[in-house]
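Based on these hints, arrange chains B and C on the given structure of chain A.
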Amino acid sequence: MTGVPADTAPSRRRLHWLDGLWPWLCAASVALSLLMLGALLTLLLVRGLGHFWPATLEEVTLRSGETFAGQAVREVALPQQPGDERLYFTGNRDIESVRWRWVAIDDIAMQAQPMDLIRLERSPWDDFIGRLVAIEQHDQRWEGDAAWQQLTSLLALPVSQRPDSQLLLITASGQAVQQPLANVVSAQAPNAMTWRQKTLAWSQSVWRFLSEGPRAANTGGGVWPAIFGTVLMVILMSVIVTPFGVLAAIYLNEIAHQGRLTRFVRIGVRNLAGVPSIVYGVFGLGVFVYGIGGSLDEWFFSETLPSPTFGTGGLLWASLTLALLTLPVVIVATEEGLARIPEAQREGAVALGATRLEMLTRIVLPMAAPAMLTGMILAIARAAGEVAPLMLVGVAKLAPQMPVDGEFPYLHLERKFMHLGYHLFDTAFHGDDVQAAIPLVYATALLLVLIVLVLNLTAIFLRHYLRRQRGSEC
Amino acid sequence: MDITSDTHSQHISRQFNQELEELKTHLMAMGGLVEKQVQDAVFALLEGDTRLAEQVRDNDRQVNALQLQIDDECTRVLARRQPAASDLRLVLAVIRATSDLERIGDEASKIARNALLLSESTSTIRGLVEVRHISEHVRKMLRDALTAFARFDTDLAMQVVREDELVDDEYSSAMRSLMTFMMEDSRSITSVLSIMWVLRALERVGDHADNLAEYVVYLVKGLDIRHSDPDNLDPQGLKKP
Amino acid sequence: MLAPLHSVNTSQPPVTHFPPEHCCLSIDHLSLAYAGKEALRDLTLSIPRHRVTAFIGPSGCGKSTLLRAINRLHDLNEAVSHSGQIVLEGQDIHGPQVNVTELRRRVGMVFQTPNPFPMSIYENVAFGLRLQQRLPKRKRDDIIEWALTSAALWDEVKDRLHRSAWQLSGGQQQRLVIARTLAVKPDVLLLDEPASALDPISTLKIEELIRNLKSELTLVLVTHNMQQAARVSDYTAFLHQGELIEYGPTDQLFTNPRLQRTENYITGRVT
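Protein chains in written order, with the working numbering: chain A, 10 to 483; chain B, 130 to 370; chain C, 258 to 528.
Keep in mind that the hints were calculated from the coordinates and are not lab data.
Honestly, I wouldn't trust all of these hints.
[What the hints assert, rightly or not] Restraint ranges, calculated between C-beta atoms of paired labels, are given here:
hint	chain 1	residue 1	chain 2	residue 2	range
1	C	Ala336	A	Ser316	41 to 49 Å
2	B	Met304	C	Glu465	56 to 64 Å
3	C	Ala336	A	Val413	17 to 25 Å
4	C	Thr406	A	His266	37 to 45 Å
5	C	Thr406	B	Thr154	53 to 61 Å
6	B	Thr154	C	Ala336	29 to 37 Å
7	C	Ala336	A	Leu459	46 to 54 Å
[Stated by the list, open to error] Chain A is nowhere near these chain C residues, computed Cβ spacing over 12 Å in every case:
hint	residue
8	Pro276
9	Ser288
10	Arg298
11	Thr301
12	Asp332
13	Leu333
14	Gly352
15	Pro375
16	Arg395
17	Lys415
18	Ser421
19	His481
20	Gln517
21	Asn521
22	Gly525
Source: prediction; values computed, not measured.
Think of the CB as a built atom: it goes at the ideal place given N, C-alpha and C, for glycine as much as any other residue.
Okay, chain A solo, but in the shape it has when bound:
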């Protein structure tokens, strides 16, 4: 910097006011997105998993003298007067015909958390909240603590080995009830539980949620059929869409003459990805279900007509519809992967005397494999979350049979199946008791996110493995 006069050395150039700000703007938008994502996950985690935590039961005595027991859910301000009111889940629908109770806090005379309050999960009917008086089994009878111990030991047995017993129960308001053991799914005395017991009970509930079928019109019980249906449908969809998409991409990129028509097709494919998914549902319904399915029924299953076999929504048609929906994604991703392979690689192979097919199979496809997997990942992510078209082509509120069972041919492509996304929708809006379903909605949503995550991670891991295999350790 010799020869620069001293007085011109400091820059006279004024910074535009945005210059200092814009990195902060960018960072802020990233932070906001992360925050929203975090909030979503936190909400799902807390509300979804919190549902399974054994909640404290309260025994409430009102100023009017009435007594009831329940689980405090939330509080809201009373309309048009000071004070709050509290919502209690009281259960006992068979006895009191309501499960929820709003109580103004000012009306509460006394509230306590007695250790002997228990909560029974029952099927049919739902939770009972009250006290256990005795257990009668044939001519034996247990009372008090012995009854509770007997109940837990009975419930530890597998359902088929449980003896015929009667539970004598009493609600907080003093009404006595008889309850056959066969209807009891689980029993808790949450107020008496230690942290460890609560954690154990929590994990058992979570496991039951994951492994059992739904109960009480999807407002209770587990979601296992929905998980299974979702995963099976996505896997089937991937198996269908990947070869199709890859072949189409190879044709477009490697074989077709690169002219106006190819460009037109390419634009068309890209735009297909933007078509609303319900439109695919309509297409699937019209072409797959009624068209192809109807014809199949006429040719092969005419003896069962008019009840349709393939002529109604089913696993196969749903997978095909979603495959169609995700085909553009796979084509575009694969094509981009193919286009990224340097021309020098192809020429190198051809110059060594490889035919076009040899060049494709030995050089181009292995190199494009990570891109194909990327396409598959995107397809899975899209398919696992798609609900709208499935409602038209095969998803069921409650499927009577699983699509895979021990009966030949083991995989039943024509059967209707359950899907987490649809289950979520159904639980949230179509149950008879929306209040009870809300925690389940959160739990199901969390599960859906987790499943998409697991499917994606599997594909990402596979892609990473392929890349590494190619890149360093051949």
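Quick look at chains B and C alone, frame taken from chain A:
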């Protein structure tokens, strides 16, 4: 392919043009100095000018310094530019030409030393006529060779090559007559021997001028005509486009 | 110093010819067009066996196009049309009985950027062999060692034959590509600016390799580095705008070219 005197100023790199131009300029400067040395040495001898003779003897250092400088420049161009074709021939021709010019410088100082020796002799000096005659001839050759170099003129260069044979003939006949002088007058042997050395030096200058002319042909046409009979040279080879 | 094989033609353009017994490849009135745009115009030259022939010329002069035509790589592009003949060892390479993959085995090609395949070093060299026939592993190993040795790479990679080829340096990659080509025993090796992406030392190694290989096969080198052409080639052809301007022994072309255009190009003058 023939080249012309401005061939070397058409490179995309102006720096390269300049370097080659400097080579030529410096070579011409050296040529001018050497030409003047020969002229002064012969003048000192013929006129008995001892001061001029001493000056010529001392100036030889300048000639040597110029040779070193130009050779150094040539080395630099070779190392840094890796010249090809006509550029390569120019550099090679310049390197060879400086060596010949330096030798001409040596011959000039040899003449000057003999002029100093002769200036001490008391008797009349025989053979000065031959010296004058041959020196004029040789100086013209040298001048023509340098001009041919400056103008990239192969015709002129070929003229110099042919001239050299005449000089060689004149030199032989001059030597014969000087031998006669020595036989006639044994007292003159010392001075005649000096004159013979001078003539020998002048003949060598002619040979070097001939070399310079040959380099011009190499430079312009890419043909190496050294060690070949100028009369047998294919005129087409020299006239070829 | 190799004995000269050629006879000099003093007509225009100045083109060197070889008697048939020394001629490996002869190109006869070859014209080539990309989508109607002429890239090579009426090119005639012959390439001597077991010598290095260099094509030089400014970018877009058609030297790479000519090289690719000899390998029939233009077959991949429908927009290319040609007329004239390329004759390899007496056989027209576009002839009906010529199998193009067999031709490409006989005429190896090495490209500007090293393009090893995403496989191990061993598999790269074995690639061409596997396309030809099934060989017993022992024999294949021998050929691979021979090819890598010929490409002056064996000592550097013999301990890591099963590592990825992409871990090699650029110069090693290029020598690997040459080894890969040598493994199928070609008659001609085409090199399209093989060292332009390499550092000077790697470049010298490639050049040394080229010089050593000419006892085995005929080499054709495209380069825009004139010093490189001068260093390694025996004959040099100067192409400009799709035309052959001058073709002759490298020594002559670089000391005393016959045409002003050649002179201007090799000495860096404005044309």
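Going through the hints against the structure:
About 60 Å separates the C-beta atoms of alanine 336 of chain C and serine 316 of chain A, a value inconsistent with the hinted range of 41 to 49 Å. One distance hint, 56 to 64 Å for the beta-carbon pair methionine 304 of chain B and glutamate 465 of chain C, holds here, with the actual separation near 57 Å. For the hinted restraint 17 to 25 Å between alanine 336 of chain C and valine 413 of chain A, the CB-CB distance of approximately 53 Å leaves it violated. Between threonine 406 of chain C and histidine 266 of chain A the CB atoms are about 44 Å apart, so this pair conforms to the stated range of 37 to 45 Å.
Between threonine 406 of chain C and threonine 154 of chain B the Cβ separation comes to about 54 Å, which falls inside the hinted range of 53 to 61 Å. The given range of 29 to 37 Å is broken by threonine 154 of chain B and alanine 336 of chain C, whose C-beta atoms sit roughly 55 Å from each other. About 52 Å separates the C-beta atoms of alanine 336 of chain C and leucine 459 of chain A, a value consistent with the hinted range of 46 to 54 Å. With a cut of 12 Å on Cβ distances, proline 276 of chain C stays outside the contact zone with chain A, its closest approach being about 30 Å.
Non-interface call for serine 288 of chain C relative to chain A: holds, since the shortest CB-CB distance, roughly 23 Å, exceeds 12 Å. With a least beta-carbon separation of about 24 Å from chain A, arginine 298 of chain C lies farther than 12 Å from that chain, consistent with its non-interface assignment. With a closest Cβ-Cβ approach of about 25 Å to chain A, threonine 301 of chain C is found to remain outside the 12 Å limit, as its non-interface label requires. The beta carbon of aspartate 332 of chain C is not kept farther than 12 Å from every beta carbon of chain A, the shortest such distance being approximately 9 Å.
For leucine 333 of chain C, the non-interface assignment is contradicted: its Cβ lies about 7 Å from the closest Cβ of chain A, within the 12 Å cut-off. The claim that glycine 352 of chain C lies off the interface holds: its Cβ sits roughly 17 Å from the closest Cβ of chain A, which is beyond the 12 Å cut-off. With 12 Å as the threshold on Cβ separation, the claim that proline 375 of chain C sits away from chain A is violated: the shortest Cβ distance comes to roughly 5 Å. Separation of arginine 395 of chain C from chain A is adequate, the least Cβ-Cβ distance of about 21 Å exceeding the 12 Å criterion.
Distance check on lysine 415 of chain C: its Cβ is at least 16 Å (rounded) from any Cβ of chain A, clearing the 12 Å threshold; non-interface status holds. The claim that serine 421 of chain C is not at the interface with chain A is violated, since a C-beta of that chain comes within 12 Å of its own (minimum 5 Å). Distance to chain A confirms histidine 481 of chain C as a non-interface residue, since its nearest Cβ pair spans about 18 Å, more than 12 Å. Look at glutamine 517 of chain C: its CB is around 36 Å from the nearest CB on chain A, clear of 12 Å, so calling it non-interface holds up.
Consistency note on asparagine 521 of chain C: stated as away from chain A, and its beta-carbon is indeed over 12 Å from all of that chain's, at 33 Å minimum. Against the 12 Å criterion, glycine 525 of chain C stays outside the reach of chain A, whose nearest CB is about 30 Å from its own CB.
Checked against the numbered hints above, the structure breaks hints 1, 3, 6, 12, 13, 15 and 18 and satisfies the rest.
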